[in-house]
Structure formats: structure tokens, C-alpha cells
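Peer 1: Each chain is listed here by its residues.
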Amino acid sequence: QKEVEQDPGPLSVPEGAIVSLNCTYSNSAFQYFMWYRQYSRKGPELLMYTYSSGNKEDGRFTAQVDKSSKYISLFIRDSQPSDSATYLCATPPSGSARQLTFGSGTQLTVLP
Amino acid sequence: GAGVSQSPSNKVTEKGKDVELRCDPISGHTALYWYRQSLGQGLEFLIYFQGNSAPDKSGLPSDRFSAERTGGSVSTLTIQRTQQEDSAVYLCASGRGSPNEKLFFGSGTQLSVL
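Sequence lines, in order, name chains A and B.
Using the working numbering, the first residue of the first sequence is number 168, and each one after it goes up by one.
Using the working numbering, the first residue of the second sequence is number 53, and each one after it goes up by one.
Some clues are possibly wrong.
[What the hints assert, rightly or not] A few chain A positions that, by computed beta-carbon distances, are all more than 10 Å from chain B:
hint, residue
1, 187
2, 196
3, 228
4, 259
[Claimed, not checked] BS3-like mimics (lysine-lysine), calculated; alpha carbons at most 27 Å apart, straight line:
hint, chain 1, residue 1, chain 2, residue 2
5, A, 209, B, 154
6, B, 109, B, 67
7, B, 154, A, 169
8, A, 169, A, 209
9, A, 209, B, 63
10, A, 223, A, 169
11, A, 237, A, 223
12, B, 69, B, 109
13, A, 169, B, 109
14, A, 237, A, 169
15, A, 237, B, 154
16, B, 109, A, 209
17, B, 154, A, 223
18, A, 234, A, 223
19, B, 67, A, 209
20, B, 154, A, 234
21, A, 209, A, 223
22, B, 63, B, 109
23, B, 109, B, 154
24, A, 234, A, 169
It should be emphasised that the hints constitute simulated quantities derived from the structure, not laboratory data.
Ideal placement from N, C-alpha and C gives every residue a C-beta, glycine not left out.
Put together the whole structure using the sequences plus the hints.
Peer 2: And the structure:
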């Protein structure tokens, strides 16, 4: 079982829509989660991180963690064409590893 | 530098040739990671360097892959006897070496093996 699974997409929405991007993770000990955004032909960049359960809001973006179901979500309100990118969830290192584990990414297109 | 720099941005090679990919991390960052991203796939961890410690090579897919980091700064990923399945984007990231830290990625090297 992969440590993190992500809805594959691709996802296409009209401008102004609310977008929901989701991942599930396997290790109940995880406390810290990240969302990276990757524009075409660029490297990923950190968008948001959350610690433990609950919501974290930053402008139009909300990251949510549900530890009971091991489910993490990223919501984008009032989506814009500039939000078109691939969104990757990431879980922290576990065991002796020091590297983040990334989901496969969801490609989002916001149509003007 | 302003960010993580990778070169070349694109590399086309013939099957069986060796390739070298370069990464210049952000100045002062002690941690350096190599990831591979195949089409439609997530980031696959390859190797991790932290300061002067022995690198974590647990993600390297075969002995054709190797990497070094000279002087705690620039890193080179070498793929020997390239195969078509090696075609992917190779991403380098650097950080300060703290747990759960933010990673800064380069734009990657798109490797195409014909």
C-alpha cells in the first residue's frame, strides 16, 4: 500500500468554481501534511501545510485534515485560470527516511 | 543564488549512453534531494544528502544510478547505460535540513532516452 494516494484527475472546472482536491494516507502517526503546486515545466512549490487535524486557511485556499479517516483535502474558492497546475499532497518522513512522500498529483485546469 | 538551478533543462540521449545531470542548491542549504517524476506519476525519491553525512541512497532504482555532492554544494546525478524507462523529469530540491521543512525545487531536467 502506498503511503499516500491521490485522486488522479485530471480535473477541469469553470472559473469561479470551488475546487476540492483529495488524498488519503496510510500512517496514522502522521501529524504534518503539505500541499505543493507545480506549474507546467516548473518544479513544485510549497502552497500550504497543516499540522494535526482541522482546517488551515490562506486566502482562497483551505487545507483540511481528517485524521479519523486519514483524509486530507485542499479547497480552492473562486478558482482562477492562474490556479491551473498540478497539485501534489505530501506526507512527512517516516521510520528512518528523511524524505517527503508525494502523491501522484492532480492536474487542475480552470477554464476562463 | 536566487533559487535551485538545474542543468541542462532538456537532455536527449541514445539508449546505452551515460548522462550527467547537475544541481546547484540554494546557498547555505545543507540538505539536497533528487526526485524523479514520470508522466502522470508523483515524485519518486532517489537520493538524499545532508551535510557531511553518508547519503541516503535507498531510492536509487538500480546500480546504473549514482550521485555525488561535492563540497557540500553542487550535486551531480549520473545515469549509466541509459534505458528508455529512464525517460522522466529529474528534480532536485534543497532545504535547511530540518524535519518537515519546506523544500525548494529546481525546474528539473527533462531526460528523453531514444
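Peer 1: Now look at each hint and say whether the structure bears it out.
Peer 2: Structure-based check of each hint:
1. 187: For residue 187 of chain A, whose nearest Cβ neighbour in chain B is about 19 Å away, the distance exceeds 10 Å, so it holds.
2. 196: Holds, because the least Cβ-Cβ distance between residue 196 of chain A and chain B comes to about 13 Å, which exceeds 10 Å.
3. 228: 16 Å, holds
4. 259: For residue 259 of chain A, whose nearest Cβ neighbour in chain B is about 5 Å away, the distance does not exceed 10 Å, so it is violated.
5. A:209 to B:154: Holds: residue 209 of chain A and residue 154 of chain B sit about 17 Å apart, inside 27 Å.
6. B:109 to B:67: 24 Å, holds
7. B:154 to A:169: 22 Å, holds
8. A:169 to A:209: 25 Å, holds
9. A:209 to B:63: Holds - the C-alpha atoms of residue 63 of chain B and residue 209 of chain A are around 16 Å apart, at most 27 Å.
10. A:223 to A:169: 25 Å, holds
11. A:237 to A:223: Holds, at about 16 Å.
12. B:69 to B:109: 22 Å, holds
13. A:169 to B:109: 19 Å, holds
14. A:237 to A:169: 13 Å, holds
15. A:237 to B:154: OK: residue 237 of chain A and residue 154 of chain B at ~22 Å, within 27 Å.
16. B:109 to A:209: 25 Å, holds
17. B:154 to A:223: Cα-Cα ~17 Å, so holds.
18. A:234 to A:223: 14 Å, holds
19. B:67 to A:209: Roughly 26 Å separates the two Cα atoms, so the pair holds.
20. B:154 to A:234: 22 Å, holds
21. A:209 to A:223: 26 Å, holds
22. B:63 to B:109: 23 Å, holds
23. B:109 to B:154: It holds: about 21 Å lies between the C-alpha atoms, which stays within 27 Å.
24. A:234 to A:169: 17 Å, holds
This entry does not satisfy hint 4, going by the numbered hints stated previously; all others are met.
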